[in-house]
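Build out the structure end to end from the sequences listed, making use of the hints.
Protein chains in written order, with numbering that gives the first Met the number 0: chain A, 0 to 461; chain B, 0 to 224.
No false leads were slipped in.
Once the Cα atoms are required to be at most 27 angstroms apart in a straight line, the calculated DSS-like pairs of lysine-lysine come out as: (1) K57/B / K375/A; (2) K218/B / K274/A; (3) K28/A / K395/A; (4) K218/B / K375/A; (5) K52/A / K99/A; (6) K52/A / K49/B.
A few chain A residues facing chain B, derived, Cβ under 7 angstroms: (7) T50; (8) K52; (9) G66; (10) A87; (11) D302; (12) G303; (13) H349.
Residues from chain B that keep clear of chain A, each with C-beta distances beyond 12 angstroms, as calculated: (14) F9; (15) I48; (16) F90; (17) A92; (18) L96; (19) T108; (20) L154; (21) L174.
By construction, these hints were calculated from the structure, which means they are not laboratory data. Don't be surprised by glycine CBs; every beta carbon is placed ideally from N, CA and C.
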Amino acid sequence: MPEGTYCNKKPINTPEEVNFLLSDSSGTKYYEEMKLLDVDSQLLASTIQKTMKTRLKTWLEICAHCGMCADSCFLYQVNGKDPKQVPAYKIQSTLGEIVKRKGKVTNAFMRHAMEVAWAQCTCCNRCGMYCPHGIDTGIMFGYLRGLLYQQGFVPWELKIGAGMHRAYRAQMDVTDADFVETFEWMVEEYEDDYPGLTVPVDVEDADIFYTVNAREVKHYPEDLAEAAVLFHAAGENWTIASKGWEQTSLAMFAGDWAACKMQVESVYGAMERLKPKRMVGTECGHAHRATVIEGPYWAGRPDGRPPVESIHYVEWLAEALESGKLKIDPEKRIQEPVTLQDSCNYIRNHGLKKATRTIMQHIVAPGYFIEMSPNKEHNYCCGGGGGFNGIGVFRKQRNRALLTKRDQILATGAKLVIAPCHNCWDAIRDLEEEYEIGIRWSFLKPLIIKMMIVPDHMKPEE
Amino acid sequence: MHEFLTGIFFWIAVGVCIIGMAVRFVRYFLGLNWQLDRVAYRAHPAAGIKGAARSIYKWLIPFGTRGWRTQPVMTAAFFGFHVSAVAVPLFLAGHNLFLESKIGFSLITLGPALADFLSWLAVGCGAFLILRRLVLPEVRILTTWNDYFIWFIALAPFVTGLVARYQMGSYGFWLNLHIFCGELLLIAIPFTKMSHVFLFFASRAQLGMDFGIKRGGMKGTKMAW
Ligand code: SF4
Ligand code: SF4
Ligand code: SF4
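Below, the structure is given as structure tokens:
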């Protein structure tokens, strides 16, 4: 069978198609059909010809096979230093082979490559910092994922995820109306406690255009209200967009570059329509990477920047605390050992290590903040990055991957982990479920709300 | 034979190496693609150059990066080999005499004791690095016959040079073999993995630009290599 009904090379574009794929629970039929999927060698070869430029070609060629990247990869370490998990080996034995064989590879090879691409690399880019030649294997894996996606060899959840972006411009089946309604409804819920709380929709020329992760709308709507509370407390002139509000990109994890472009253009469209001074994204690492770091390139913006200055939530928060727009009650600061998860996607990939530490200074009583080791741009991935968290067939491998973070956290002795990234938050939640080490974890927003000095304009009337 | 090796063949080897590498260098940079690489090279030249320079500089210093520091033995052997592999061919007295006679120009020269030491260092470190390949599973799995072949052409000029230097057997024969191996190495540079002698700078510059422009450099964060 060249292409199956569930598993094939065609992207899914409509809600109906999304639902059809979802109806195949855990992708059982999907993976069965994948075993029969044909590899289009010609397409593979011509795509490589067109898209593989000198950077990747040279990397494959000059890799000295020195193995200096081995120890830098947490997956190599956590899998008993299995030589098959050396970054250079993982990429040479997959992408390297496809290139060498000019795309003439078998179905079994492609399924193996899929496992390596999604279950043996989280695209955390850590190894790239340890290679003398400056070879960033994580980047090459991103490229390989694109080739695999094009051939239909992509984990079921990510095929759906990319399809969601195509159908809804959101990583979940959250419509524009759902988003605005949920936001308004949550704000109403909080209004009694915080008089004057509103959610400004589609206001032009605002100082801040706030974007979110669709998970918040679907699974943790309090987060929306909390954002509103904090903007309100800081006296910000902010807005949300009724269209182009979703900042994440599962399509990026899937390697569906066309969907990445569609998704990010919807956000940029909102920027162009509303002309805000700047965009603030929610506490999410991969969303920031998608919309702020990689997005401009998908959208073809030669300066590599979004249409308006775009910052991560931690940058806004650090600034609001430093400038005194938000004030913390010193009595309420965290007074227990606490540690911080550095998200690869905005620390290693965007240099934001300072902002998070500024926040820690404000919200943790002296002496209680304990750094993980290693940290900042040398920190390890939470274990669930690059889509790993959400892929059912690779759950076993993912659970093993969580061990690195578990041990890092245990070594700090902290009981509370601050994780200003949705994906890291999920991974840490899962690791507690899986290994029960007795920790709690939190985004920043709820912590700040508990400890801020509520400004007079927000005090409930007597 | 000697005449051929020090005459026309010398010029061929040098020419192939220099022209070949120049071509590869230019093609490397022309083949970068801002959109596919996702680095806005042209839009931010200053940040790009700064990042590139830093990335090259840090990695040229022994133990200058965390990568080097995490593997001190490897690093020592690596620099031992590479420093010698650059210094000996360029600054050996004999080489410079030859250069002087060819183009009427020579570089500073190494004292004989230092030259001997560096040559042995290159061979010793090279042997160690080959051994490391055989012993460590994480390096063994990466190793191909091509890697041994590269080591062979890299070490052959040193070994033959040392044999000639200590006048073991026929000096003329070993000298000719030494020259031949050296010239073979020059020719191999643009066409094999040996191209890293130049492309190292290209690749390091590229990743440095990536970090300098997109991944934190313009946020004021110097990548802690
Ligand atoms: S450290 Fe770099 S050059 Fe060495 S094996 Fe890994 S990718 Fe290749
Ligand atoms: S990008 Fe991260 S997960 Fe992937 S090979 Fe490198 S270190 Fe390992
Ligand atoms: S989930 Fe967090 S730690 Fe893991 S790869 Fe993404 S950003 Fe890095």
